[in-house]
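There are 2 protein chains.
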Amino acid sequence: MPEIPIVKNIMDVNDQLAASVRNQLDSAGVLAFNLMASPGAGKTSVLMRTVDALKSTLRLAALDGDIATVDVEKIARTGIAVELINTGGNCHLDANMVSRALPGFNLTEFDLLLVENVGNLICPAAFELGTHYNIVIASVAEGDDKPYKYPAMFRGADVLLLNKIDMLRYEDFNVDYFRHGVDVLNPGLTFFPLSAKTGEGFDAWLDWIRVQVAAYRAGGGDLA
Amino acid sequence: MPEIPIVKNIMDVNDQLAASVRNQLDSAGVLAFNLMASPGAGKTSVLMRTVDALKSTLRLAALDGDIATVDVEKIARTGIAVELINTGGNCHLDANMVSRALPGFNLTEFDLLLVENVGNLICPAAFELGTHYNIVIASVAEGDDKPYKYPAMFRGADVLLLNKIDMLRYEDFNVDYFRHGVDVLNPGLTFFPLSAKTGEGFDAWLDWIRVQVAAYRAGGGDLA
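The listed protein sequences correspond, in order, to chains V and H. According to our numbering, the first sequence is numbered sequentially starting from 412. According to our numbering, the second sequence is numbered sequentially starting from 412.
Please note that the accuracy of each hint is not assured.
The list treats identical chains as interchangeable, and a pair is accepted whether it falls inside one copy or across any two copies.
Capping the alpha-carbon separation at 16 Å, the derived lysine to aspartate or glutamate pairs in EDC-like fashion look like this [what the hints assert, rightly or not]: (1) K466 / E520; (2) K608 / D583; (3) K608 / D463; (4) K485 / D569; (5) K485 / D556; (6) K485 / D614; (7) K466 / D426; (8) K485 / D587; (9) K608 / D437; (10) K466 / E539; (11) K608 / D587; (12) K466 / D594; (13) K485 / D463.
The hints are simulated quantities; they were obtained by calculation from the structure and are not laboratory data.
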């Protein structure tokens with residue numbers, strides 16, 4: 412099976428670059444999130460509502476990973492600093508792409524970097540970027556069976572957002588079944604049901620971010 | 412850039428295996444579809460409603476590609492022959508996986524093989540499986556910008572289903588904007604808006620399948 416050593420080498424190199432990215436972030440005191448989700452789960456909508464709510468009190472930057480350039484223009488309209496990573500058709504970001512994009516920012520000017528990964532519930536889970544938290548966004552519209560079908564993504568999450576809860580009244584989505592699937596893979600995962608459309612549930616998510624940024628600052632920019 | 416020849420070799424091998432799969436299908440007179448979509452767009456629901464509507468008049472088989480084993484049990488309940496391809500975490504089917512799964516069927520007993528690819532709007536577009544038609548399933552719940560953001564998938568489609576049209580009244584989905592994005596990439600693409608939940612729009616899709624199976628038979632099992 413000759414392909415296994417090649418894959419192993421790629422992962423080793425990625426992990427080294429992720430460590431380098433983390434080092435740059437921590438040196439500058441920037442907390443960073445890796446936002447991952449299926450196409451259409453609402454990564455950009457969640458990011459934009461989050462930015463609008465926090466940009467007056469936190470210094471925000473965004474890195475938009477995509478195979479086309481639709482979302483970056485939307486994010487730029489929020490007025491925060493944003494850089495695009497066009498993956499050239501690749502199904503995920505990797506640490507090398509993030510490393511090459513970071514010089515686009517003067518990192519010391521920011522508190523929080525939001526990295527929007529490529530819309531994909533499989534590939535991004537395998538590549539550390541050097542960010543501090545993996546934020547997975549599921550949506551009511553995708554169905555309640557996603558944790559059972561895409562276990563690696565939910566297993567690797569540090570925080571789970573369930574978006575589009577305003578659609579619960581129209582969809583056959585059993586929240587208990589969804590939660591059970593998540594609990595088996597990732598017990599005690601921090602979970603925020605919310606709607607980027609109506610704002611329902613957003614306050615708890617925003618509070619969580621504020622607490623993390625404060626804790627990160629208090630720890631001198633280095634999370635254990 | 413040493414990785415480029417490796418990727419090229421993989422694609423060449425895949426294309427050769429896809430040609431071999433096509434040959435086996437045509438020798439047995441089995442028309443085959445490759446169903447591709449995002450997680451949660453409704454591949455399995457569309458497949459199951461299609462099977463229920465056609466199984467009394469066509470001899471159907473299904474190949475379920477997945478990284479976990481949830482859907483194959485659902486499909487088995489329809490009573491048709493079904494084989495699972497567990498991709499071991501891989502984000503797409505390839506022709507080798509299909510080739511290894513085909514011996515699970517006595518192909519001469521079937522008219523139509525429905526291959527359900529892994530839930531992913533990027534990777535599956537790059538791998539020919541040897542099937543006759545690429546059926547892409549988008550859904551109203553994913554948003555109307557998907558053709559603009561995942562162009563390769565829509566460019567490679569032979570038929571496009573827009574699922575969950577029963578949700579049009581609740582979602583901000585502009586059908587004209589969606590159609591325009593598709594038309595730019597793939598002018599004249601065969602398009603069926605439908606709902607696997609309510610059955611709305613299904614008759615046109617089912618009629619299209621019946622016509623293709625008849626044409627395939629009339630042509631002696633070989634599509635030009």
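(request) Determine which of the earlier numbered hints do not hold for this structure and return their numbers in increasing order. (result) 4, 6, 7, 8, 9, 10, 11, 12
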